[in-house]
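**Q** The residues making up each chain are set out below.
2 protein chains.
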Amino acid sequence: MNQTKLIAPRKLAGFWELPPEKQIIFEQMQEKIKKVFEQNCFVPLDTPVLELAEILLAKSGGEMDKELFAFSKGPTSMCMRYDLTVPLARFVASNANTLEFPFKRYQIGKNYRGERPQKGRFREFYQCDADIIGSETLSLVADAECVKLYLDCFSELGYEVMVKISNRNLLFGLIESLNDQEKANDIIILLDKLDKIGKDALKQSLIDLGISDENSDKYISAVAVSGTFNEIKEKLSLLANNETYTKALNELEEVENYLTAFGCNKDNYEYNIGIIRGHNYYTGTVFEVFLKDHPEFPALGGGGRYENLAGYFTERKLPGVGMSIGLSRLFDLFDQHGLLPEIKKSNIELFIIPLGDYTSHCVSLCSYFRENGIKAEVAYDNKSFKSKMKEADRRQIPFVMVVGENEVNSGVYALKNMTTGEQNTLTKEECLNELKQ
Amino acid sequence: MNQTKLIAPRKLAGFWELPPEKQIIFEQMQEKIKKVFEQNCFVPLDTPVLELAEILLAKSGGEMDKELFAFSKGPTSMCMRYDLTVPLARFVASNANTLEFPFKRYQIGKNYRGERPQKGRFREFYQCDADIIGSETLSLVADAECVKLYLDCFSELGYEVMVKISNRNLLFGLIESLNDQEKANDIIILLDKLDKIGKDALKQSLIDLGISDENSDKYISAVAVSGTFNEIKEKLSLLANNETYTKALNELEEVENYLTAFGCNKDNYEYNIGIIRGHNYYTGTVFEVFLKDHPEFPALGGGGRYENLAGYFTERKLPGVGMSIGLSRLFDLFDQHGLLPEIKKSNIELFIIPLGDYTSHCVSLCSYFRENGIKAEVAYDNKSFKSKMKEADRRQIPFVMVVGENEVNSGVYALKNMTTGEQNTLTKEECLNELKQ
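Line order of the protein sequences matches chains A and B. Position 24, counted from 1, in the first sequence is what the working numbering calls 24; the numbers after and before it change by one each time, with no gaps. Position 121, counted from 1, in the second sequence is what the working numbering calls 121; the numbers after and before it change by one each time, with no gaps.
One chain only, chain A, in its complex shape:
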């Protein structure tokens, strides 16, 4: 099989691949999130990675985005998915007659963006999405449930977070009351930039847009409003007073009531009118999740309420609310900042080293330990005894058992604790007891 010319073994630029010792941690995180989704009665969906181009491009009116991985196969144009929402819309629209609503699905899967490779951006990345889809209407319990999901997920992962919640229509109502509705979208886009550009630059931008000095100050003070619902309730009630605004405020209060009913810890969520979320398909509640110890980190995920999931695909009105965790990005960020759980060099718990021709006996012992829940491994390669002991040390394997003629004949084994250096002579049943501790 050796070739005269070797091909350099490289992966595509911008694609992510963890070494196994980190992949173990990554998968444990996936499993924890999955467990939380399932405990909250979400069901799994696993849509194909490839979709018809027509479906994925429905939003943009069929226009091809150069960041898509798109190609043709025979007469068929297809794309790799860039998110999990469009495939969900396609699935729900085509199965609307058989699904039970509210339909609660989760999906943990890879998405693709064909952008130029750059630091901290991946062209293949995991998203963990949970959405609740109603038929015609959907209770605000669903919005609270998505916020609760964040708290449960991060509590399971072992991180303290702060979920920041708003309702986009508070700002639209305020804009209406200040008679700036013609410039509503531009104002929203600017306000969304506060964190990036700062107050002074924001104010200048608003004035450049033609907003009055007084109104600019009102918008800036509105997006600065944050705190528990009780803390901000009065402030908010004074900001504006029209149908759009009052409806949004009432919705926010209802969400707060459900969050209280769910027993959400008030240390882990707050209201923040500056949470906007660029996507204009959000039409009500919006939220983002931040790491409490690192408020300077970008949001670890976000979501919100949308009026209609699948308007491109069906006339049936399907309102929904969803949350998403950008798991690849989160993992990479946490890894850079030393925030991941301890990475073990090996998952092996017991290394059984044959001394002489006793591999079969070791295999039999290994099988006994594995069947009893211990990750045991036989050092069956033909390295020297010394290099196997070094390997156990280098791989941080906590226990080693050396098996030679005496051990095979007597049925008692020396079990060495590699951390303490302690060594005990035990039967295999006794070894199991010690390993179980």
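To be clear, the hints were calculated from the coordinates, so they are not data collected in a lab. There's no promise every hint is true.
Keeping only pairs whose Cα atoms sit at most 25 Å apart, straight-line, the calculated DMTMM-like set for lysine to aspartate or glutamate is [said to hold, decoys possible]:
(1) A:K73 with B:E54
(2) B:K22 with A:E100
(3) A:K11 with B:D46
(4) B:K32 with A:E156
Pulled from the structure, derived: some chain B residues nowhere near chain A, Cβ distances all over 10 Å [what the hints assert, rightly or not]:
(5) K32
(6) Y82
(7) N185
(8) K196
(9) I207
(10) E214
(11) N215
(12) T246
(13) R277
(14) F334
(15) G411
(16) M418
(17) K428
(18) Q437
Chain A side only, calculated, beta carbon under 8 Å to chain B, not exhaustive [said to hold, decoys possible]:
(19) L18
(20) E27
(21) K73
From a predicted model like this one, the values you see are computed outputs, not experimental measurements. Heads up, the beta-carbon is just placed ideally off N, CA and C, and yes, glycines get one too.
With chain A's structure known, arrange chain B on it following the hints.
**A** For chain B alone, coordinates are given in the frame of chain A:
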């Protein structure tokens, strides 16, 4: 968001998508396999779905296969992977200096074949692969370990299987001893067809190839040899006698010794010289796994020993042995034959129906049950009480609790067992006890 013209919501032909109630089962199967792989000290790897075309086409000398999903992005030619072995070879070759050998990795992932859509063939499908890679040499313990993995996986999944094992060099040795080595590959290809074409057609094909009548009979009787090692040992020892053959027979015996040491149940594996596995990169032990109750099903997976994993990418010799389960195909086959575990219409265990304006109270109850491990759901949509009861019935939810004014005031709830029709009035703690049983 409503468009004047709707786009029909369809997925790509030949792509697979399970309804959530089946997806739950599919994921449980994945989790069980993953658990077995990990218990046997395999570590996870999650390579990108896309690879450089140059890497994936290394085997075919760079020639493009029309069954690949391949495309270019800027100057870069890329393909979606068609198996998990080439990405493994690429990974091991480029990380050979930091990996510990034997390197035991598993990967459960989607693969892609751009063939014409047809029944029972998928263009996107899951493979569950486990491979053990050595550096320069690799003990035959690894071959036995892969067979043991099949037994453990299917035992965990709850199916009785028969793993059929051979060593490809038995046939090559026999061919050598009968002086047919010039036609060795053609003979092997024909013998691999026995199950499809039957004995008579096989014999005619061999004779057409120019093999003598006597030799043809010998080959046909060789591939019919099957049974436990003890049953076939004598028969095999008489078939041929040269270096290739004797070495293969010794290897098979060593594998048998390790299988015995691993405690493999002899009802679940046998030797069958007719197991050949077309791929010519297998160079020693080969095996396939069959469902015991349905021996007529195609193999559910297979694998074997290869002399060198990554000869295209590195000069370092990396012998390996691997096993694979074709999970999508298996699931589809089992589904068609009613062999899957019982499919539940819903994962909800308790449906809490508010009677009147008591949604918040129900949300609070729901949170209590979920925190205690019960998959509880509030019927929070605005359907009628009657239609919610019907829904509980239709979705086969085992328990229902109706919460109205009396319940909220008294703190005792009527818990209805939907299977027996029995109804008990209980505190929430008592409900939890009943639900836990």
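**Q** Now, for every hint given, state plainly whether the structure supports it.
**A** Hint-by-hint comparison with the structure:
1. A:K73 with B:E54: holds, 20 Å
2. B:K22 with A:E100: holds, 15 Å
3. A:K11 with B:D46: holds, 12 Å
4. B:K32 with A:E156: Satisfied, since the Cα-Cα distance of roughly 21 Å is no more than 25 Å.
5. K32: Holds: least Cβ distance 13 Å, greater than 10 Å.
6. Y82: B:Y82 clear of chain A: closest Cβ-Cβ about 14 Å, beyond 10 Å.
7. N185: holds, 16 Å
8. K196: For B:K196, whose nearest Cβ neighbour in chain A is about 28 Å away, the distance exceeds 10 Å, so it holds.
9. I207: holds, 33 Å
10. E214: Non-interface label stands for B:E214: nearest chain A Cβ at 35 Å, farther than 10 Å.
11. N215: holds, 29 Å
12. T246: holds, 20 Å
13. R277: holds, 17 Å
14. F334: It holds; B:F334 is separated from chain A by about 17 Å at its closest Cβ, greater than 10 Å.
15. G411: holds, 15 Å
16. M418: With a cut-off of 10 Å, B:M418 remains clear of chain A, as the shortest Cβ separation is near 16 Å.
17. K428: Non-interface label stands for B:K428: nearest chain A Cβ at 13 Å, farther than 10 Å.
18. Q437: At about 19 Å from chain A, B:Q437 clears the 10 Å cut-off, so the statement holds.
19. L18: holds, 7 Å
20. E27: holds, 5 Å
21. K73: Where the cut-off is 8 Å and the nearest Cβ of chain B is about 6 Å from A:K73, the hint holds.
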